[in-house]
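For the protein sequence lines, the chains are A and B, in the order given.
Taking our numbering, I'd label the letters of the first sequence as residues 2 to 282.
Taking our numbering, I'd label the letters of the second sequence as residues -9 to 220.
Hints listed in this document are in silico derivations from the structure and should not be mistaken for laboratory results.
Here the structure is a predicted model, which is why all the values come from computation and not from measurement.
A few of these clues could be false.
Derived EDC-like pairs (lysine to aspartate or glutamate); straight-line CA-CA distance at most 16 Å [stated by the list, open to error]:
# : chain 1 : residue 1 : chain 2 : residue 2
1 : A       : K133      : B       : E121
2 : A       : K147      : B       : E80
3 : A       : K279      : A       : D240
4 : A       : K279      : A       : E112
5 : A       : K229      : A       : D278
6 : A       : K230      : A       : E94
7 : A       : K75       : A       : D278
8 : A       : K265      : A       : D56
9 : A       : K148      : B       : E52
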Amino acid sequence: MTLTTIRGLLRAAAFAATTTLFASAAHADQLADIKKKGEIVIGVLGTDEPNSFVDPKTRDVIGYEVDLGKAIAKKIGVKPVFKQLAVAARIPELQQGHVDLLAASLTHNKERESQIDFSLTTFVTGQKVLVKKASGITQLPQLAGKKVLTVKGGTQEPNIRKAVPSVDVVTFETTQQAFLALQQGKGVGYVNDEASLIDDFAKLGAANKDYLILPQSISVEPLALGIKKGESALKAVVDDTLRELEAGGEADKLFVKWYGPATKLKFEKREFKFVSDKVDG
Amino acid sequence: MSFDASLLLAGPYHTMLLAGLVLTLQLTAATLVLALPLAIGVALLRLAPAAPLRWAGAGFVEAIRNVPLLAHMLFWYFGAPELLPDALKERLYAGNIEAISAVCALTLYTAAFMAEDVRSGIRAIPSVQMEAGRALGLGFLATMRLVILPQALRVTVPPLISQTLNLWKNTSIATVIGVAELMYQAAKVESATFRSVEAFAFATASYLSVSLAITAAAALYHRRFPVRTL
């Protein structure tokens, strides 16, 4: 194949990509479409307790973000349909219109604002590192040159590289595979959102005496729901629902239900509110 | 968003993608070197005079080729190494356990398919040749080595090349166990830059050009060493 043919092919591919973009842009109001089909497809992870995970008894996807999704569907007056996504597939699936809304432990940051829109912040978590005590590591800088494990396509990898530049990162399809690899000793640390780490730590049961969550956060992560770029009508409904949940005290109840003292996570206080869709970093 | 080739031609993302391509080539080469002798061994087992040996060969092939490669990968990374003694396990985990597990999975998987091709190649050689070798006083293995295999492997080269093509593409499955091969690096560039088209265009072009090179090598071999009339 000659270079010109390759160039021609690439141009054709780029052309196809742009046409798709235009086609979806012409298709303006997603909210109207959702009402017309009578259901809203919400992308969740389904592997990240307590945000969204599969209930072992009923096999349904449940969790904090699932409840938020249900509240939004109720407000619009349609049926919620939950679709499980891989971490790396979240933004592409939303952009291609395979899901209407992302409720998938999604970090809201400046880089992503050029790709999609975000709702009001629905949760704030730090990212931390879980290590085995036997490794002797107690501080972040000691991870220099060591192998740490995390999930593909999230903010975990760039954040740990920023915090410890010389670290060696190996990524997997789900957080639970990375966590299993840590337990098996295939790396010294496992990077994840603090809330998920506390949950994983609790899952270890009696064995958790051999593990330690490093005290320093590598970043502060505001989580939000993801909305396709420019769908302002849908964003308005989503934000209104969140504001109503906050005003009616439902937001507090949801926090206590999934993160509160009676749960594995044992968070004492809710240190954020559903008020802003602005982030710093 | 237009196609931006500059990130493929220089800079950190170029380096990442290139490192992925190199590792993919290394995985293919290491697997090929290990799988080919294993495949010949298994093919000989399947044609051995003693029934238990034939059963062992057939057991190997059926047990491996009927399970998806993805399951093999996960087993050789998360499962098998856990059965090793602790000291050995620690030494293994301190090294590049991801790549080692991937080569194990790919070697067994590729060998199972190649063994069947080698077996067909051997069966294509008329049985009188084996009988002639035995009549000359050679044993089963000596007849195989001196008479049958040199002819059989020549017949087997085209299907083996096709298995090599499969192997080259199968290396992409190793991304699930954290091996930093081409697909892994392309996904990494995608999530860092949101430039999916560019990242996967590089991966596609790489897979395609190496595949075409392998096919060209096959055609060249076929012309230089045509199958002798049997």
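Outcome of the hint check:
{"no.": "1", "hint": "K133(A) to E121(B)", "verdict": "64 Å, violated"}
{"no.": "2", "hint": "K147(A) to E80(B)", "verdict": "14 Å, holds"}
{"no.": "3", "hint": "K279(A) to D240(A)", "verdict": "13 Å, holds"}
{"no.": "4", "hint": "K279(A) to E112(A)", "verdict": "13 Å, holds"}
{"no.": "5", "hint": "K229(A) to D278(A)", "verdict": "15 Å, holds"}
{"no.": "6", "hint": "K230(A) to E94(A)", "verdict": "13 Å, holds"}
{"no.": "7", "hint": "K75(A) to D278(A)", "verdict": "22 Å, violated"}
{"no.": "8", "hint": "K265(A) to D56(A)", "verdict": "15 Å, holds"}
{"no.": "9", "hint": "K148(A) to E52(B)", "verdict": "37 Å, violated"}
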